[in-house]
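Starting from the given sequences, assemble the full structure and let the hints guide the process.
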Amino acid sequence: MSSQLFDAAQLRRALTRIAHEILERNGGADGLALVGIRTHGVPLAGRIAESIGLIEGGDAPAVGAMDITLYRDDAGQLGSTAILHPTDVPFDVNHMTIVLVDDVLYTGRTIRSAMDALMDLGRPAAIQLAVAVDRGHRELPIRADYVGKNVPTSREQKVVVELTELDDRDGVFLQEASHGA
Amino acid sequence: MERKRHLLGLEGVSAEDIQVLLDSAETMIEISQRDVKKVPVLRGKTVVNLFLENSTRTRISFEIAAKRLSADTINLSGGGSSLSKGETLADTARNLAAMSPDAIVIRHPSAGAAILLAEVLDCPIINAGDGAHEHPTQALLDLFTIRQAKPELKGLTVTIVGDILHSRVARSNIYGLLTLGAKVRLCGPPTLLPPMFEHLGAELHYDLATAVRDADVMMMLRIQRERQGHNFFPTLDEYARYFCLTEELLAEASSDVIILHPGPMNRGIEISSGVADGPYSLMMNQVANGVAMRMAVLYQLIIPGHDGIRGSEIPERTPTSATG
Amino acid sequence: MNTETQNAARRILVKGGHLIDPSRDVSEKADVLITAGVVEAIDKPGAIPSDGAEVVDARGLFVAPGFVDMHVHLREPGYEYKETVATGCLSAVVGGVTSVACMANTNPVNDSGAVTKYIIDKAKVAGLANVFPVGAVSIGLGGEALAEFGEMFEAGIVAVSDDGHPIMKSSLMRHALEYAKMFGIPVIAHEEDLDLCCGGVMNEGLMSIRLGLEGIPSVGESAMVARDIELARYTGGRLHVAHVSTAESVEMVRRAKHDGLDVTCEATPHHFTLDDSAVAGYNTNAKMYPPLRTERDVAAVRAGIADGTVDSIATDHAPHHRDEKASHFDEAAKGVVGLETVLPLTLALVRDETLTLERMVDALSTQPARNLGIERGTLARGSVADLVVFDADRAWNVNATELASKSKNTPFDGWEMRGKVTRTIVAGRSVWEDAA
Numbered sequence: 172m173s174s175q176l177f178d179a180a181q182l183r184r185a186l187t188r189i190a191h192e193i194l195e196r197n198g199g200a201d202g203l204a205l206v207g208i209r210t211h212g213v214p215l216a217g218r219i220a221e222s223i224g225l226i227e228g229g230d231a232p233a234v235g236a237m238d239i240t241l242y243r244d245d246a247g248q249l250g251s252t253a254i255l256h257p258t259d260v261p262f263d264v265n266h267m268t269i270v271l272v273d274d275v276l277y278t279g280r281t282i283r284s285a286m287d288a289l290m291d292l293g294r295p296a297a298i299q300l301a302v303a304v305d306r307g308h309r310e311l312p313i314r315a316d317y318v319g320k321n322v323p324t325s326r327e328q329k330v331v332v333e334l335t336e337l338d339d340r341d342g343v344f345l346q347e348a349s350h351g352a
Numbered sequence: 108m109e110r111k112r113h114l115l116g117l118e119g120v121s122a123e124d125i126q127v128l129l130d131s132a133e134t135m136i137e138i139s140q141r142d143v144k145k146v147p148v149l150r151g152k153t154v155v156n157l158f159l160e161n162s163t164r165t166r167i168s169f170e171i172a173a174k175r176l177s178a179d180t181i182n183l184s185g186g187g188s189s190l191s192k193g194e195t196l197a198d199t200a201r202n203l204a205a206m207s208p209d210a211i212v213i214r215h216p217s218a219g220a221a222i223l224l225a226e227v228l229d230c231p232i233i234n235a236g237d238g239a240h241e242h243p244t245q246a247l248l249d250l251f252t253i254r255q256a257k258p259e260l261k262g263l264t265v266t267i268v269g270d271i272l273h274s275r276v277a278r279s280n281i282y283g284l285l286t287l288g289a290k291v292r293l294c295g296p297p298t299l300l301p302p303m304f305e306h307l308g309a310e311l312h313y314d315l316a317t318a319v320r321d322a323d324v325m326m327m328l329r330i331q332r333e334r335q336g337h338n339f340f341p342t343l344d345e346y347a348r349y350f351c352l353t354e355e356l357l358a359e360a361s362s363d364v365i366i367l368h369p370g371p372m373n374r375g376i377e378i379s380s381g382v383a384d385g386p387y388s389l390m391m392n393q394v395a396n397g398v399a400m401r402m403a404v405l406y407q408l409i410i411p412g413h414d415g416i417r418g419s420e421i422p423e424r425t426p427t428s429a430t431g
Numbered sequence: 255m256n257t258e259t260q261n262a263a264r265r266i267l268v269k270g271g272h273l274i275d276p277s278r279d280v281s282e283k284a285d286v287l288i289t290a291g292v293v294e295a296i297d298k299p300g301a302i303p304s305d306g307a308e309v310v311d312a313r314g315l316f317v318a319p320g321f322v323d324m325h326v327h328l329r330e331p332g333y334e335y336k337e338t339v340a341t342g343c344l345s346a347v348v349g350g351v352t353s354v355a356c357m358a359n360t361n362p363v364n365d366s367g368a369v370t371k372y373i374i375d376k377a378k379v380a381g382l383a384n385v386f387p388v389g390a391v392s393i394g395l396g397g398e399a400l401a402e403f404g405e406m407f408e409a410g411i412v413a414v415s416d417d418g419h420p421i422m423k424s425s426l427m428r429h430a431l432e433y434a435k436m437f438g439i440p441v442i443a444h445e446e447d448l449d450l451c452c453g454g455v456m457n458e459g460l461m462s463i464r465l466g467l468e469g470i471p472s473v474g475e476s477a478m479v480a481r482d483i484e485l486a487r488y489t490g491g492r493l494h495v496a497h498v499s500t501a502e503s504v505e506m507v508r509r510a511k512h513d514g515l516d517v518t519c520e521a522t523p524h525h526f527t528l529d530d531s532a533v534a535g536y537n538t539n540a541k542m543y544p545p546l547r548t549e550r551d552v553a554a555v556r557a558g559i560a561d562g563t564v565d566s567i568a569t570d571h572a573p574h575h576r577d578e579k580a581s582h583f584d585e586a587a588k589g590v591v592g593l594e595t596v597l598p599l600t601l602a603l604v605r606d607e608t609l610t611l612e613r614m615v616d617a618l619s620t621q622p623a624r625n626l627g628i629e630r631g632t633l634a635r636g637s638v639a640d641l642v643v644f645d646a647d648r649a650w651n652v653n654a655t656e657l658a659s660k661s662k663n664t665p666f667d668g669w670e671m672r673g674k675v676t677r678t679i680v681a682g683r684s685v686w687e688d689a690a
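Protein chains in written order, with the numbering used here: chain P, 172 to 352; chain E, 108 to 431; chain C, 255 to 690.
For the record, the hints were derived by calculation from the structure and aren't laboratory data. Ideal Cβ placement from N, Cα and C applies to all residues, glycine included.
Okay, the calculated bits of chain E under chain C, using three or more residues with CB under 8 Å as the criterion:
1) 194-200
2) 217-227
3) 230-240
4) 300-312
5) 416-423
Here you go:
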């Protein structure tokens, strides 16, 4: 069983709202950059950055991509894939406000790894977090600054974000465990 | 999960595995270029560098690679280890096993030493050069360096020149290049290039001029000065006369030819200074790529339960029958 | 042993078997009666009354003169941790070998009558197989100065050899061939040109290229065979080429025999069974000198055995301690044990129709006895009753740890074999019987 949490339009509106919230919170786009966590965080970061550019009527903020495999605390335990993807953050993170972007916030461990990885690139002025879905069940004291939708879930369920850049369609879905991972 | 993955050589390693290793090295290159050249992925892991033959460069390359992945490294070298005091390799290995290393990198003057270790120990073994057998990480970094310069390895003509007979670098490169679809030419005097090499799938050349023609990659091997004393060739001078890669010869190669050399090179013997310092020479890239490549190998072999490369098989000795 | 069994042991009737005795061109069903250590009677099945003799039921089995292995390393004195005369002789009789010629590379080297006598005394104590020592050609196997052939001959040697240490000095080889004529004994030559083979650890070929191991070129052997055949031609001496391994060597021996020279030749089961692919994986139990060669060489050695060019089969039984083989290939000891697997490996040549059973027994018993000039390798009436009974079809698996030899360095561990010795009799005494 799978139910839709967001269709394409709802997702678009949620990301636009997040763009507004980021601008409001930071008083504009100066000194702001986005870093998407591979894989689905990267196109999300791109879309939010594009929104910000449109809203501000100027250049979109810089966007980077981050692979956190080498920072995970569960390396090897989850049958993680063999393929490493490069981290590509083509700007200086020092003194910047970096908004980390990911699709789903769950235990918080991925975000912890991403923060470590980011700090190894330099010393940002601040790190904020934007996610499309927060499904709860945190294992670390981490919370998102910007959330597309809060969705109560059980641990057995699975939240899947699909993006046209990587998948067939846009949308967010809730799957029951019996359908397998 | 139970089966340990090793990198004992490139013979028999699949194209998929080689690609995964090369792809992983791309990521590692990025780490090596930042201010904080370290990731935590191998935190708490121990890598033993067992170097029973002199090799400062390869040992340092492995040590930096391990450290950049946050592994602890222990270096044992020939002079300081008990091996020089009559202990067998297998016993040294068992002693090391008691220290629960997560990987052992071994360099040994005898062919087969890495395989022997893999048979005795229950941790990943990485061959850093065993006699004249194989030196897989050197070949991987050569492949990686070629891939950086050329869009695709498949279909390239790669010429390896020098003491092929005694070269583990040549052997590993032959296997890796052929697996990835390149054409391999070997070149050297007949004393250092026995005809049997043809059976590995390479073309043999005894004339450097024809071996260079239209080559996309020239890989020059270091000529060991000691060979002179064993009549493999009369003198280094005469060797250079026939097998030194000069700018004139290079003009016959493909217009975007690249030059590799595993180092340390003998200028004026296997390679002229003009070529060594010329625009096509990628020797410094090789050194930098060496660290990234070894990081990729350590990562892919050590992370447990990882759905990663299969690596090298320990050769099986299958009993047969005389029942006729 | 009580008196009753002792008396019974004096008379043995081997009954119902198929007797193969190439010395008399016999291959037929026959019973053999042994009395007081010699063959007393041979007759049609059932023709000899048992008359209180111990009856060995040989129905469905073959009976042959005990095998004579003219190339064995017993390691005593000096290397008793590898093998002793007693353990080596036990290994021999388990394999159906009733006589062994043991090489001189002991410590001290068997280059004197004293060492020869020491070995013979040890063999008497062991009381299993007959041991015929081979004396050194040169003092200390040093390849320089001729050892005292006469003193050793009087103590009991049957041949001279610097086995394991090829004689590089051509004049020494020449003089050995000449001087040995005084005693009518052969010079057994380990044919490897050490200068050509220098540093090699396996056959030079595609396999050595792949493994990155230093190769031993086949010409290293054949060049020496050529030299020694020419020396034998020149001197008229008796040359025995040990463990021939290359096609070219076989061909040269064939021509030498054709020319009527006094040249004989042996091959080992490992050289006619395995090629250099057995080294794959750096299997140190496939390391020996001369090394395992190519498929083509194996075929040539087999053809040589078939046509009699290679007149004898010998094992070059070379026991080494586990630790000496557990090393990396370059450093590992060279040589393999062979006494307990010689029969099934040779029977494999019979099954693939390379040899007849009769030629097999000829190569295992009759010819080597002739080469050494010993009165063995025959079951003629009145001859010493050294006899082997074997089942040519019995299947069994080699388990190295179960070998009787003190050392377990066989390349055939885990192999499925067919053919097993069921009884070994030396000088009328049953010294080994298969429990199964």
